Amino acid sequence: MTSGARTSGRLGVALAVVIFAACLLASLALGPVSLSPLKLAHYLMAGPGGSAPGSIIFWQIRLPRVLLAFLVGAALSVAGVILQDLFLNPLTDPYVTGVSSGAALGATFGIVLHLAELPWMTILALIGGFATLAVVWIAARRRGKIDIYVLLLAGVTISYLVTAVIAVLMIRAGEDMDAIVYWLLGSFSGRSWPEVKVALFALPFMIVPLFFAKEMDILLQGEKRALELGVDVERAKRVLLVTAAVLTAVAVSVSGIIGFVGLVVPHIVRLLVGPSHMRLVPIALLGGAALMGIADLLSRTMLAPAEIPVGVVTTFVGAPLFVYLLRRGRA
Amino acid sequence: MAGERELTSAATGELPKAASPALLSVRELAFAYDERPVLRRISFDLQAGEFVGIVGPNGSGKSTLLDLVDGVLRPSAGEVCVNGKPTREYRRRDMAREVALVPQHFTLEFDLSVREVVEMGAYCRGKDAHSGGDAELTLARLGVAALVERRFTELSGGEKQLVVLAQALMQRAQLLLLDEPASALDVSHQLRLFDLLQQLNRDGLTVLCILHDLNLAIHYFDKLLVLSDGEVAAFGPPDEVLRPEIVEAVYGVRAYLHKHAGRTYLTFSPRLRGERLGRVHLVCGGGTGAGLMRELVDAGYDVSAGVLNALDTDEETGSELGLSMAVEAPFSPVGDEAHAHNLELMRAADVVMVTAVPVSHGNERNIRAALEAAAAGTPVWAVRGVLDNDFTGVTAELEPAGARLFADEAGVLAALRERARRASLTQP
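Top line first, the protein sequences correspond to chains A and B.
Mapping of the first sequence onto our numbering: position 228 corresponds to residue 228, and the numbering continues sequentially without gaps.
Mapping of the second sequence onto our numbering: position 91 corresponds to residue 91, and the numbering continues sequentially without gaps.
It should be emphasised that the hints constitute simulated quantities derived from the structure, not laboratory data.
Fair warning: there could be bad hints in the mix.
To be verified - Label pairs and their calculated CB-CB ranges:
| # | chain 1 | residue 1 | chain 2 | residue 2 | range |
| --- | --- | --- | --- | --- | --- |
| 1 | A | 189 | B | 145 | 56 to 62 Å |
| 2 | A | 91 | B | 59 | 33 to 39 Å |
| 3 | B | 154 | A | 45 | 52 to 58 Å |
Values in this document were obtained by computation on a predicted structure and should not be read as measured data.
Backbone N, C-alpha and C define an ideal beta-carbon position, used for all residues, glycine too.
Isolated chain B, as found in the complex (with noise of 0.2 Å):
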């Protein structure tokens, strides 16, 4: 525990030195490997304290902008000040003092001991390594004391990522970076990580550090930079910055944000290749939909929705995945309006699909909706099982009206890629 006072104030006693200088201060910043551009026009700062992520797709140059901070890489253009200092102005071991890595890949093929290579960090502290306390309290603060004696060729991957972790640790330098150290991690210890991570950050340092779970990124991170094909595409807060448009620009995915349990989250569904495949209206209710909405947008449909009440599992998923729907206010029987507008969302669509759904006066209009589309001749599709939860009898009409029934959803998916395919073949 006296490491962590001491490293505390290390920290703290670096900052009255200016008014509020950056710790870290990135302007202008290109780089090029031989010709090829890698980053371009990168300007950021980072306070002393700050908790920040890097997220990006591969190839963004994120690995890059990492070893461009720790003075490892030389900028093409533009300038990286750490404390106020150009890096190209450090000494190596000057510059390890200020910046540690924790790279991505680590390979150490000699047998050599956890305390040795844990000890390997203290190097740029020279003669005073030992102020920084051993290598068996850092390994302690990150709950692997027991490792001290191993042989570090003997550890498993969760293990080694720890171990260098502690390394970087040892050079007690300010600022942490850190190059996807979660990736060779399962969730137990991804999460083990990251709550580590926030604890050394409350300690006094700062960090930042590549991801790649946006999820992980909301959740952990004070603020997120994005970069994209090596520009940085958002700097900020995580709400701010993975806006769905945003990832979608960045990512080439479409996203979607939820909100469940208290905590924002983010899922994603492939880009639609810009065919347009058709519009499904759906008859649903009661999270009979949610399935298939997320099933036909991810195919590549064009999806509406009702009547649906407002707050229904439905209703959430389909604004969720930015539907057109006919709402109707909670709890309540179909009005005018919305039936009047589930009509013209139906007269709109190739195909209306029913799903399960139980069928009550409340919402007997939908399937009189679906019955007047069958009878101008749109394609009805229901899921049998629409006949048993029946209180009114009106789906009786269903197959008489001409709509075609089928055993489960899985069954009206797959007509509905048949008709694609077909489409297709008749093309040109």
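So here's chain A without its partners, still in its complex pose (with noise of 0.2 Å):
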């Protein structure tokens, strides 16, 4: 009986690799210009640096672009798990704590002080999240403990104030403003091995709350009950939080502010597989990754050679495909 519930579990990882596996595959193939598996994996075999339009088109445009849409796809639908179970709120995504204002705010000072090449702007976005972790974090200590429900609101209101300084830069922006509306709406566009170096950054951590899988079960009880029960409630959310904060701002440093996976795809996940973090964490990690990767696959070939922005087929990929698992109830 207990091997029963396992090997679902077992089954529902095995599926959603499948899936993952069949959706990058896709994401290489398909394009302006389409590769067959057959080219992917010579090209692959040949390493960079051939000469053929292909290889150049594999090695410098089409697989760092989908590496990175993958990255931050889960690194967004890990830190909505993350959070949504923190705050014990449904309505909760990675952009709640106020970390993705901040990065938002640094990549438009980069913008408006020319110093948009890529080391720069990541480096600000960077220094922008965590700095509203910082004060969000001081705002919500109390007694040597960090009360979420201040924090979650500390986050909101920040993100308000910040989103209200943007909003004066960009008045003054003048020509700039296309290209601050532009990182803001987020995209993956023109991006290449550098910005998945960044990204890179944030894969050890969506390893971590696979090792606090049982701390965030209990912690589903509340925090009190937690305790109780011998877990380190204050350790678990430090390091849970940071987590969180760290993906969300590497997400966002490299993509701009992509919305609706790490708020929906938990949620899916959850509706398919169980609360059970040891679980959900992985499927929710392949399964953005995944639904990220289809959607800038869609943004930059539905009307190509226009691009449509990815944020937007997210969500007309995602919202459909959660209000029916919503209706169908969990299988």
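Join the two chains, each given in its own frame, into one complex according to the hints.
Put into structure tokens, the structure is as follows:
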């Protein structure tokens, strides 16, 4: 009977891996220039530096962009799982902590100050994200404990404040305004290996929640019950909040603010495999990556050569799926 | 069953460490939420294997005390020691291995299975989680093994209570704290739960349990801790600490101790507001007056009665309620001495009431006494039924003497309320 539940968990993971692989393959193969799986394998084996146009498209454009989309999707969706379950609030997404707004402010400064080349942009975005986290953290700290509700409120409040500052900057920005708007909408267009290197920084943080899977399960009963059952609640909260903040800041710094994935992927996965984190975290990771990959694929192919902002596509793909699953209830 | 034996040996195996160390020792404990003091000067010890209840009015600090014992809250002053070590020196996980708590309210809105919920209790056991027996075995000890594959959110309130108890038992702690575990349960589940706790206690678990029902507390627990307004009002065996005067002081209600069918139990009446409504004397017997006695006492009257034979139902009720009574020896006719006492009580009364008591030569003098009171101007109110059970004919004199006759007890009580209303109207 125990094995029944675990097998279905393993089955879920296996299924998620298959879907993930299929999405990865489709994202790499399809585009304005389609590459057959055979050619993909060939280019991959031959390594970068090939002179064939296909090889250049694959190594210089397609692969980094797809990797970036998958990494950002995974990071946002894992951050969403963490924050929804820490706040015990289904409306929470990675952007409520104010980290994303802070990152956006950093990036906006970068654009206004014409520091828009890559390292600066990312560095400013990361600084903005972590600075907001620090402010929110200090606001929510009482007698050595983090008050999770104060944190939520402070995060939302500071988001509004930072957004107001961004609006002022945009008004003053003149011809840079377009760049700011475009960046805020979120996109993987024109991103390449340097962004991927930044995004890879998020990878180890995606694994962190797996080490806290039991603690996160127990925290679903509330902080007090978790204390009673022996969980070091403050330590778990510290580690998990910082993890979610790093994931969000890294994702926003390379791609702008892409909505919906961090809110809805955790819900979809919870409906499919239940709330237990040993299953929820890895499947949400793969699912978020796959959804973002497909959304980016659609964004660059549907109206090619024009691009639809990827945040728009995630919403178009995710919303009907979510409503369908909500109505169907748990399988 | 293997699990039970394991639990017992685990619990007793800890004992020989010192001569007789208290499992739980609370010293001069004080606690305040912000500035508002909740607990003051709390001191008591719990030995391993004890079965102790905590009672006290709402807001007396019972739940806060449990949170302090479990180390979830830090004392403002004093300390709580578990196995000789202050709770603040424990890491949470180690604390959970020593003390398990079953909270009063438990919310979990996520769709987890009962097995998953119960297994969370083994968290503090870390890698040796499964040495404590699995979820199924623990649920089986509580008689609800069938729940193991159900969804937790689909369970009834009583089933959830048992699953949370199973979760706490998975901690395999020596000390189990429970916060009103019976409050959501019907009477049969309440008794089953306390029987279960008693069984767990016999298997070696030390139990400290908050409850509201004082009669369950008397019946089940070896010792009771009475909390009142943040302080220990009493601590000891139930019959010592739940004396009526202590209950009155702590809860602000009148309490009466009854012995019935080999059990002791308490009943309660609202406390008087201080004003004196008046004094009523009852002529009754054979159980015809017991109901009225209680009604009158609850309504706030001073009540006397007589003459009653000792061991008569009315006499026993009267003494439990603490009434002044003229009493004669069992099965004896009313003698001169008792009669004189009865007359004296009637003279002090504002109203004399006669119930539908059967009148024979043995108690004829009581009616005569009532007639005398009527002659002296004291209102005499009689239930008409007394005329029907009269073997002497004396009650025929009641009405001519000026006594008012009523169809039943309700009529008498209504007249009494009317009289009290008029009296309050005439007062300035």
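Verification of the hints:
1. A:189 - B:145: 56 to 62 Å: Hint holds: Cβ distance 59 Å, inside 56 to 62 Å.
2. A:91 - B:59: 33 to 39 Å: 35 Å, holds
3. B:154 - A:45: 52 to 58 Å: For residue 154 of chain B and residue 45 of chain A the Cβ distance comes to about 54 Å; the hint holds.
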